[in-house]
Amino acid sequence: MSKHQINPNAWIDLYSDYLFNYTVSRVKDRETAQDLVQDTFVAGLKSMKNFEGKASERTWLVSILKRKIIDHYRKINSKKGQAEVRVNFNQESGEEGNWLEKKIADPYDKTAEDSMENTELGLAIHNCLGKLPQKQAEVFKMKTLLGYETQTICNELNITASNLWVIIHRARTGLASCLKESWF
Amino acid sequence: MSKKRSIFIPCEAANHTCDKSQYREASLWEQIKLNIHLIYCTACRKYSKDNKTLTKLTSSPNIHYLNAREKEKMKKAFFKELRNI
Numbered sequence: 000m001s002k003h004q005i006n007p008n009a010w011i012d013l014y015s016d017y018l019f020n021y022t023v024s025r026v027k028d029r030e031t032a033q034d035l036v037q038d039t040f041v042a043g044l045k046s047m048k049n050f051e052g053k054a055s056e057r058t059w060l061v062s063i064l065k066r067k068i069i070d071h072y073r074k075i076n077s078k079k080g081q082a083e084v085r086v087n088f089n090q091e092s093g094e095e096g097n098w099l100e101k102k103i104a105d106p107y108d109k110t111a112e113d114s115m116e117n118t119e120l121g122l123a124i125h126n127c128l129g130k131l132p133q134k135q136a137e138v139f140k141m142k143t144l145l146g147y148e149t150q151t152i153c154n155e156l157n158i159t160a161s162n163l164w165v166i167i168h169r170a171r172t173g174l175a176s177c178l179k180e181s182w183f
Numbered sequence: 000m001s002k003k004r005s006i007f008i009p010c011e012a013a014n015h016t017c018d019k020s021q022y023r024e025a026s027l028w029e030q031i032k033l034n035i036h037l038i039y040c041t042a043c044r045k046y047s048k049d050n051k052t053l054t055k056l057t058s059s060p061n062i063h064y065l066n067a068r069e070k071e072k073m074k075k076a077f078f079k080e081l082r083n084i
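Chains as they are written, first to last, in numbering that gives the first Met the number 0: chain E, 0 to 183; chain V, 0 to 84.
Derived from the structure by calculation, the hints contain no laboratory data. Incorrect hints may appear among the rest.
What the hints assert, rightly or not - As a list, the in silico DSS-like pairs of lysine-lysine whose alpha-carbon atoms are at most 30 Å apart:
1. Lys48/E <-> Lys79/V
2. Lys51/V <-> Lys130/E
3. Lys74/V <-> Lys27/E
4. Lys179/E <-> Lys32/V
5. Lys27/E <-> Lys32/V
6. Lys79/V <-> Lys130/E
7. Lys51/V <-> Lys72/V
8. Lys65/E <-> Lys70/V
9. Lys27/E <-> Lys67/E
10. Lys53/E <-> Lys79/V
11. Lys45/E <-> Lys67/E
12. Lys134/E <-> Lys55/V
13. Lys48/V <-> Lys130/E
Construct all of the structure, not just a fragment, from the sequences and the given hints.
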């Protein structure tokens, strides 16, 4: 029996937001990003026995995801990839995204400092959320990121409003101290 | 804390109002009381400041997350895959 633990049942709850955030900032399209994250989980599942436990589960999944993103760009380029690139305009698809620039990762995209910071911020927040107790993270996500009404959350999770505010308070304090070093 | 209605509130109440006001759910009167409290309470001033920063950070447009439906869809596909293994 292996010493390191791996538990795919919890993957989606634990890592999907983090991985999704990572992907969206690189492919600029929610749909594609979702597919890639999905593929990553499945690929992770298949190569689970190769996981050596040298890194954390998340790091390992991120490394798979990176390959997936690269593969994605290879794939969308390969259709005309064999031909040499003569024009910088592609009329085949006839809609937005004709420009060849949109078909590759934009190298300038990450040089703008704020965009970089925002990418990191998203990851930092998901990272810190992952460190909170699951209930707190869940309530905080629903309330803050998804913007649900207090009443809706209470009904869904079967808690009282004051209970909710206590959870929110703890989550906020926890998050603030987690983000403190680099973001305040 | 005295029973009668006071403009002075304890720190717990102030923090609670502060949390609520991050979601625009605090009433005007609550906010006034919070601000009075903040005049003389350093700890809560600090908490309020941090709380506001946190709100600003989390409302940044570049934070992406999956909504419940997307996550559900992902889970469904994933667990189907999981059973096959």
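Evaluated hints:
no., hint, in the structure
1, Lys48/E <-> Lys79/V, "holds (19 Å)"
2, Lys51/V <-> Lys130/E, "holds (21 Å)"
3, Lys74/V <-> Lys27/E, "holds (22 Å)"
4, Lys179/E <-> Lys32/V, "holds (27 Å)"
5, Lys27/E <-> Lys32/V, "violated (45 Å)"
6, Lys79/V <-> Lys130/E, "holds (28 Å)"
7, Lys51/V <-> Lys72/V, "violated (34 Å)"
8, Lys65/E <-> Lys70/V, "holds (20 Å)"
9, Lys27/E <-> Lys67/E, "holds (15 Å)"
10, Lys53/E <-> Lys79/V, "holds (28 Å)"
11, Lys45/E <-> Lys67/E, "holds (14 Å)"
12, Lys134/E <-> Lys55/V, "holds (23 Å)"
13, Lys48/V <-> Lys130/E, "holds (23 Å)"
Of the numbered hints stated above, those contradicted by the structure are hints 5, 7, listed in ascending order.
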